[in-house]
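Visitor: Sequence:
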Amino acid sequence: MRAGRSSRARGEPAACEYYKAPSCADWAIAPTGLVIRISMAFLSRRLGLLLTQVNRAVEQRHFSITGACSAIQKLTRVRVVDNSALGNTPYHRPPKCIHVYNKTGVGKVGDKILLAIKGEKKKALIVGHRMPGPCMTPRFDSNNVVLIEDNGNPTGTRIKTPIPLILRKREGEFSKVLAIAQHLV
Numbered sequence: 086m087r088a089g090r091s092s093r094a095r096g097e098p099a100a101c102e103y104y105k106a107p108s109c110a111d112w113a114i115a116p117t118g119l120v121i122r123i124s125m126a127f128l129s130r131r132l133g134l135l136l137t138q139v140n141r142a143v144e145q146r147h148f149s150i151t152g153a154c155s156a157i158q159k160l161t162r163v164r165v166v167d168n169s170a171l172g173n174t175p176y177h178r179p180p181k182c183i184h185v186y187n188k189t190g191v192g193k194v195g196d197k198i199l200l201a202i203k204g205e206k207k208k209a210l211i212v213g214h215r216m217p218g219p220c221m222t223p224r225f226d227s228n229n230v231v232l233i234e235d236n237g238n239p240t241g242t243r244i245k246t247p248i249p250l251i252l253r254k255r256e257g258e259f260s261k262v263l264a265i266a267q268h269l270v
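In our numbering, the protein residues as written are 86 to 270.
Source of the hints: derived by calculation from the structure; they are not laboratory data.
Certain hints may be false.
[Stated by the list, open to error] Keeping only pairs whose Cα atoms sit at most 20 Å apart, straight-line, the calculated EDC-like set for lysine to aspartate or glutamate is:
#1 Lys203 - Asp235
#2 Lys245 - Glu234
#3 Lys159 - Asp226
#4 Lys197 - Asp235
#5 Lys188 - Glu205
#6 Lys261 - Asp196
#7 Lys208 - Glu234
#8 Lys261 - Asp226
#9 Lys188 - Asp226
#10 Lys208 - Asp196
#11 Lys181 - Asp196
#12 Lys197 - Glu234
#13 Lys181 - Glu256
#14 Lys254 - Glu205
#15 Lys208 - Glu256
#16 Lys159 - Glu205
#17 Lys261 - Asp235
[To be verified] Simulated restraints on C-beta separations:
#18 Asp235 - Lys188: 16 to 22 Å
#19 Arg215 - Glu258: 32 to 38 Å
#20 Arg253 - Lys188: 29 to 35 Å
#21 Ile183 - Val270: 27 to 33 Å
Here a beta-carbon is modelled for each residue, glycine too, at the ideal position from N, C-alpha and C.
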């Protein structure tokens with residue numbers, strides 16, 4: 086509520102006054118929005134917090150109780166975007182994530198994962214995923230990874246696709262990956 090304006094000046098009844106429900110004639114004359122506001126005001130005094138919680142859910146129009154879609158988790162198919170020998174050879178089965186190295190088990194950009202690729206286990210770094218991320222981070226068409234060695238050095242010498250600028254925040258860990266990237270978005 087703005088300073089200097091009372092609820093009476095806005096046409097609302099004061100909190101101490103008894104609110105009288107509108108008659109049938111008032112329902113026919115009043116515009117639809119006013120009828121809804123009057124009925125909501127009447128019910129909110131009667132039902133209290135329960136109605137405000139339901140009203141918030143209706144305003145948001147989001148009734149799902151499940152979490153957001155996961156970015157990269159176990160058994161997610163990924164695309165290797167560097168020019169390493171293992172990533173460039175044609176494969177019958179696409180590479181799959183078999184472990185995510187963090188507490189949640191859901192990998193985002195900058196997380197390390199373990200891949201099963203051509204019958205081998207290799208570590209990889211996530212450089213893009215399909216799920217929308219935080220504000221101003223790009224959403225990719227595929228789940229992109231770069232193969233890395235155990236010490237964090239990239240296996241390939243070039244990265245074929247653009248990688249997000251958000252990796253610059255963790256430049257100490259991924260400085261060699263950023264060095265071989267051709268484009269940053």
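Visitor: Each hint should be assessed against the structure and marked as holding or not.
Guide: Verification of the hints:
| no. | hint | verdict |
| --- | --- | --- |
| 1 | Lys203 - Asp235 | holds, 18 Å |
| 2 | Lys245 - Glu234 | holds, 18 Å |
| 3 | Lys159 - Asp226 | holds, 19 Å |
| 4 | Lys197 - Asp235 | holds, 11 Å |
| 5 | Lys188 - Glu205 | violated, 24 Å |
| 6 | Lys261 - Asp196 | holds, 15 Å |
| 7 | Lys208 - Glu234 | holds, 6 Å |
| 8 | Lys261 - Asp226 | violated, 24 Å |
| 9 | Lys188 - Asp226 | violated, 26 Å |
| 10 | Lys208 - Asp196 | holds, 11 Å |
| 11 | Lys181 - Asp196 | holds, 15 Å |
| 12 | Lys197 - Glu234 | holds, 11 Å |
| 13 | Lys181 - Glu256 | violated, 26 Å |
| 14 | Lys254 - Glu205 | violated, 31 Å |
| 15 | Lys208 - Glu256 | holds, 18 Å |
| 16 | Lys159 - Glu205 | holds, 16 Å |
| 17 | Lys261 - Asp235 | holds, 14 Å |
| 18 | Asp235 - Lys188: 16 to 22 Å | holds, 21 Å |
| 19 | Arg215 - Glu258: 32 to 38 Å | violated, 23 Å |
| 20 | Arg253 - Lys188: 29 to 35 Å | violated, 24 Å |
| 21 | Ile183 - Val270: 27 to 33 Å | holds, 28 Å |
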